[in-house]
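K.L.:
Could you build all of it, start to finish, from the sequences and the hints given here?
Which chain is which? The protein sequence lines are A and B, in order.
When the letters of the first sequence are read in order and numbered with my numbering, they come out as residues 39 to 709.
When the letters of the second sequence are read in order and numbered with my numbering, they come out as residues 172 to 577.
Some hints here could point you the wrong way.
Stated by the list, open to error - Simulated pairs of lysine-lysine, PhoX-like, Cα-Cα distance not exceeding 20 angstroms:
| id | chain 1 | residue 1 | chain 2 | residue 2 |
| --- | --- | --- | --- | --- |
| 1 | B | Lys-250 | A | Lys-399 |
| 2 | A | Lys-602 | B | Lys-269 |
| 3 | B | Lys-255 | A | Lys-399 |
| 4 | B | Lys-427 | B | Lys-462 |
| 5 | B | Lys-269 | A | Lys-599 |
| 6 | B | Lys-177 | B | Lys-255 |
For the record, the hints were derived by calculation from the structure and aren't laboratory data.
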Amino acid sequence: MALTEDRPLALPSGDSNDGYTPTGVFTRPSAETGPRSWFTTVDHKKIGIMYGAAAIFFFIIGGAEALLIRMQLWAPRGSLLSANLYNQVYTMHGTTMVFLVVMPIGAAFANYLIPLQIGARDVAFPRINAFSFWAFLAGGVFLNSSWLLGGGADGGWFMYAPNSGVVFSPTHGVDFWNLGLIITGIASLTGAVNLIVTVLNMRAPGMTLMRMPIFTWMALVSQFLLLFAIPVLTSAQVLLMLDRLFGANFFNVAKGANPLLWEHLFWIFGHPEVYLMILPAFGLVSEILPTFARKPIFGYPFIVFSGIAIGFMGWGVWAHHMFVSGIGPISVTAFSLTTMFIAVPTGVKILNWTATMWGGKLNFSAPMLFSIGLVTMFTIGGLSGVMHSVSPMDTQQTDTYFIVAHFHYVLFGGAFFGFMGGFYFYWPKAFGYMLNESIGKANFWLMLLGFNLTFAPMHVLGLQGMSRRIYTYDAGYGFEFWNKVATIGAFTLASSIALFIFNIFYSKSKAKNLPPVGPDPWDSRTIEWMVPSPTPAYNFDPIPTVTRVDDFWYRKYGETKDGKLVRIASTAEVAQQRNDGKGVHLPSPSYWPIVLAFGLPIVAYGLIFSLWLALIGGIVVVAALYGWIMEPPDDPDKAHDDHGPEAHASGGGDAAVSDSADGVKEVETVG
Amino acid sequence: MQRLPKIVRILAVISFTVVVVLFAALIVNSFQNSGKPLSSLAPEGPSAESIQRLVIPVTSIAGIVFVLVIGAIVFITWKFRERKDSDPDEFPSQIHGKTTLEIGWTILPALILAGIAVGTVLTIINLNREEPNSIQVQVAGQQWWWQYKYDVNNDGNFDGPEDITTSTEMVVPAGRPIQVTTTSNDVIHSFWIPGLNGKRDAVPGLRNPLKLQADEPGVFRGQCTEFCGLSHANMRMLVRAVSTSDYDGWVRNQLKDHAADPTDPVAAEGKKVWLSLCAQCHVINGINDAKMKETPPPLVSGVAPNLTHLMTRGTFVGSIFNLYEPVSSDGSPLLMSDVAAAGDPGAALTGGKVDTATVNRVTLEAWLRNAPALKPMYPQGGRGMPNLNLTEEQIDQLVAFLETLN
Chain A
39 MALTEDRPLA LPSGDSNDGY TPTGVFTRPS AETGPRSWFT TVDHKKIGIM YGAAAIFFFI
99 IGGAEALLIR MQLWAPRGSL LSANLYNQVY TMHGTTMVFL VVMPIGAAFA NYLIPLQIGA
159 RDVAFPRINA FSFWAFLAGG VFLNSSWLLG GGADGGWFMY APNSGVVFSP THGVDFWNLG
219 LIITGIASLT GAVNLIVTVL NMRAPGMTLM RMPIFTWMAL VSQFLLLFAI PVLTSAQVLL
279 MLDRLFGANF FNVAKGANPL LWEHLFWIFG HPEVYLMILP AFGLVSEILP TFARKPIFGY
339 PFIVFSGIAI GFMGWGVWAH HMFVSGIGPI SVTAFSLTTM FIAVPTGVKI LNWTATMWGG
399 KLNFSAPMLF SIGLVTMFTI GGLSGVMHSV SPMDTQQTDT YFIVAHFHYV LFGGAFFGFM
459 GGFYFYWPKA FGYMLNESIG KANFWLMLLG FNLTFAPMHV LGLQGMSRRI YTYDAGYGFE
519 FWNKVATIGA FTLASSIALF IFNIFYSKSK AKNLPPVGPD PWDSRTIEWM VPSPTPAYNF
579 DPIPTVTRVD DFWYRKYGET KDGKLVRIAS TAEVAQQRND GKGVHLPSPS YWPIVLAFGL
639 PIVAYGLIFS LWLALIGGIV VVAALYGWIM EPPDDPDKAH DDHGPEAHAS GGGDAAVSDS
699 ADGVKEVETV G
Chain B
172 MQRLPKIVRI LAVISFTVVV VLFAALIVNS FQNSGKPLSS LAPEGPSAES IQRLVIPVTS
232 IAGIVFVLVI GAIVFITWKF RERKDSDPDE FPSQIHGKTT LEIGWTILPA LILAGIAVGT
292 VLTIINLNRE EPNSIQVQVA GQQWWWQYKY DVNNDGNFDG PEDITTSTEM VVPAGRPIQV
352 TTTSNDVIHS FWIPGLNGKR DAVPGLRNPL KLQADEPGVF RGQCTEFCGL SHANMRMLVR
412 AVSTSDYDGW VRNQLKDHAA DPTDPVAAEG KKVWLSLCAQ CHVINGINDA KMKETPPPLV
472 SGVAPNLTHL MTRGTFVGSI FNLYEPVSSD GSPLLMSDVA AAGDPGAALT GGKVDTATVN
532 RVTLEAWLRN APALKPMYPQ GGRGMPNLNL TEEQIDQLVA FLETLN
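P.N.:
Here is the structure:
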C-alpha cells in the first residue's frame, strides 16, 4: 500500500510512456468509451454490467434446459429426450444456474454497488476485477462448449464419486464440468479477495463498518464464504481431474477409496455456497423495503449480525445433505441440530423485514413487489428446510421432488426474486432510464404465478414418492397431474422472463422521450443515490463524508426525537452535480486480464485433448502474467496533471475531502 | 400512487387467486395417498410409522408459522399501503428497531426448534435400535437392479451354501423385523421403500444398516433415489410381504438348486441356448454357479441377476415390467399396468407350478429380442444386458426354458 509515489515498475518520472511495451505486444489501451473499451475496462461498473449480461445469457441457456426437462416430464414415458441426454440436460441445468447465473448475478450487484455504497472510486484491484469477470466468462463458455464437443456432463451438479469416474462416465462431459468449474472458481476466489479488501480498506471517511449499507454487509459475508468454500471444491475437483485424466485413485473404491470423501468435500463447499448465493439477495431486499416503506430498516444491527451468524453457522451444517449416506446416528443427530438452529438467524431476518413494513407507507413499485415476493417465497423454502433438518423426515424426503421444491423456493423464490427487485431498483442508476413500472408489475405477478405453479406441486410429488433426476416415470404412481401443472408453470415462468427482457428494450426506446431520471428516482437512502444516473466513471466527486447509516436520506430529511421526519433539503440540493471529474485519477484499462483469462480454457482444452495444447495455453498464461506485471500501473502522461482544489466543487455539504482519489491510486499500483 | 393499467390489476388478481387455490389443492391432495404406491405419507410398517409421528407435529408447526407469517405480510401490505389521497410529505413514524422484540423473536423460534429437536433425537434413537430376532438381508445395488442375499442360517455370512441369493424382489414375512444392510457393487445407489422406512444409500465399500418391517402382507414399491447413471429412473425395488408359512415355503424352495433337465424338448433346446449365451453373466444354481466363481462375468459390477428361481418373482428387469400379467391384445410390450399390485407369481412363489397362461410372454420376448431397447443400458461398457441378436426360434426356446425356473 505504500507504493503511492514511488512506482518501481513505471518509467523514470518525466519520460514519455508512448509506445513502451514491456512484452513487445501491446501498448496500454486508452479507449474509455466505445465497444472496444469493454474488453479492456477495469471500471467496476462496466465489469458489473458485463457480469449481469453474461449471467442473463447463461440464464437463458439454463432456462431452456429447464424447459426441456419439464417437457420431458409432461407425461409418463416421455420421449423428447433420451435417458442419456436428459441426464446431461439436468446436470447442466443445475450447474449453469448455480455457477453461471445466481453466483455471477450476485457478483454483478456486488461489483457495481459495493464501491458506490462505501463511497469509493473503484475496487481495490481493478485489473484483478476485470480478470475475475473474464475468467468467469471463459469458464462458462468452456463448460458449455462441451455440448459441441461430445456432450455435457452427466453426473448431476453434485457429481458424486464413483459415478463421475471414467469407468462410469467415459465421455469428456465430466472433464468439461470439472475444469470449467475450476476456472470459474479461480474467478470467484480472486473476486472475493478483491471485494473483501475493497470493503475493509476503501470506505469513505466516516463510513464505519456499522454504517455500511446492508447490501454491502451481506455481500461482504458472502465474499468471505466464497473465499473459504471455493478452495474446498477446487481441491476435490483437482483430485477428480487427477483420477479421470491421469489415472489416480482418489475415488477408486477397488483401491480402497471411500466415496463419501467426495460427498464431504462437495458439501463442505456446497452448503456455504447456498448461503453465499442467497445473502446478496437478502442485502438487496434490505435496501428496497425501507425505501418503499418510507421507514428505516427495522433492527439494523440484528440484520447485520444475523447475516454474519448465517455465515458462520453455514459451515457446520453440510452433512445434512448426507443423512442417508451412512455417516452414523451420532453425526446425523449433530448435523440435525445444527441445521435446525441455523433457522433462527434466518427467521430473525424475515421478522425484521416484516417489522420494517409494519407501520410504513408502502408504495408497491416493481422492486417492492419482488422484495415482498422474496420474503414470502423464501419463508416457504425456509420452513421446508426446517422439515429437512428433522433427519428422520429427511430420510423420506431427500432425493425426491420435495427437495427440488425446497431449493427452488430458496434460490428462485429467494435469491432470484431479490435479484429481480434489484434489477428494477438499480436499473436507473446503472443505465440512466427507468424500467416501465406497469410492465414491471405484470412481470412480478406473472413470475409469482409461474413460479408457484412450477415448484409448489413438486412438494406433493416428492412426498408422494417421485424421485429426483429421473428421466421418466410410469403411469400408476399418481404423478401425472402435478407434473402437467409444473410444466405449464415452467412456461408461465419463462414468459415472465421474456416480459422482463422485453421491458428492458421497450423502456429504453421510450426513455428518449422522457426527462432524465436524475440521481435519486426512488427517494432512496444510501449514498449511491447522490451521484448522477448513470453513474459517472469516477463515481463520486468529491467523496462524501458519512456520518450515519442511510447517510444520504438524512441529508434530505431530519428526524425529531419522537420519530417524525422533516424534509431539510431537496434531492437536487444534496445530490452531487455532474462534475467533469477533473483531477480524479482513475486506473487505466489493460489488455492483460482478458488475455490471462482466456489462456486458462486453452490449458483446460489441452488437458482434455492434447497436452501440447495445454503447453500453448500455459505459455499464454505465463506471458500474460509477465505482461501484467511489467505493465506500468497507469499512464504517466495522464496522471498528476491537475489536482487543483477547484476540481472539488463542494456538493451536499461535504468537507473538502480533497485528494481522496489517492485511495484508488495507492492500490491500483498493487493490482 | 399511479393508477395501474387494468390488465395488470386483472393479472394480479388472477395470479393471487390461482396461487391460493393451488396451495389449498396441494394441502388437500397430500392427504390423498391411495393409488400412490410410492407415497411416503402412507406408512405400513413400524419405522415408517415412527417417522410419520414426527411428520404430523412438525408439519403442523411449519404450517402454523407459514399461516402467521404470510398472513401478517398480507395484512401489513393491505393495512399500510399508500393511499391515493395521502399527503406525499407525510411520513410514517420512524422506528429503528426494538431490542426486546428482537430478543423475543430470536428466543421463541429457538424454543420451538428445541421442542422439535427432542422429538427428532428420540426418533433417531428409535430408528437405530436393533430388533432381536431380525432376518438378516444384504441389499446390493448395481447398475440398474438390486440383489438380495439372505443369511438364512444366521452365521454372519451371506454367501454360505445355506444362504439365499436372489434379485429384483425382496420376499419377507409380514410382522417380522428385517435388518437390511445396504451396499453397492459399483456406484452409489439408494434403497427406499417409502411405505416401510426412509431410504439408505448403498455405497460401494460401506455396509449401512436399515430396519424394515411390514405390518401386513402386501406389495411395497420402491425407487432408487441416488442418481446412479443412465437408467437410474428404471431402477425400482419391490418388497413382497407374505405370511410366515409362505415365507418358510419360499425359503425352502430358494435353497434348492435347479432340478434335472427339462422334459419338454423345446425347453431343453432353450437350456442349450441359455448355456451358450446367457451363462456368461447369469447364474443358475446347480448349473454354472461353481464355474462362475472361477470366471466372473465381464461386468463392471461383477454380477448379473441370479435366475435360479426366476419364475417365483412377479416382476423382472429391476421391477419395471410384470413377469406375470395377461398379454396385451395388440401384442406390444406391456409396462406395469397395476403398479401397486404388481405381477403375482401365484403358487410358483413357493416352488409350485408356473401358470404359463398368466406369464407376460410378450414383454419377456421383447426383452430377449433387444434388451437395451426396453431399458437404456451401456452393455458395451460392461453395464447391462446386450442385444444378443437371437432368432425368434431361440427366443421361444429360451422362454420355454425360463418358464421352468420355479
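K.L.:
Hints first: check each against the structure and report whether it holds.
P.N.:
Hints versus structure:
1. Straight-line distance between C-alpha atoms of Lys-250 (chain B) and Lys-399 (chain A) comes to about 9 angstroms, which keeps the hinted pair within the 20 angstroms bound.
2. A distance of roughly 17 angstroms separates the Cα atoms of Lys-602 (chain A) and Lys-269 (chain B); the hinted pair therefore holds under the 20 angstroms criterion.
3. A threshold of 20 angstroms between alpha carbons decides the hint, and for Lys-255 (chain B) with Lys-399 (chain A) the separation of about 11 angstroms falls inside it, so the pair holds.
4. With a CA separation close to 18 angstroms, the supplied pair Lys-427 (chain B) and Lys-462 (chain B) stays within the 20 angstroms bound.
5. Simply put, Lys-269 (chain B) and Lys-599 (chain A) have alpha-carbon atoms about 16 angstroms apart, close enough for the 20 angstroms limit, and the pair holds.
6. For the suggested pair Lys-177 (chain B) and Lys-255 (chain B), the alpha carbons sit about 16 angstroms apart, so the restraint of at most 20 angstroms is met.
Going down the numbered hints, you'll see the structure goes against none, and every one checks out.
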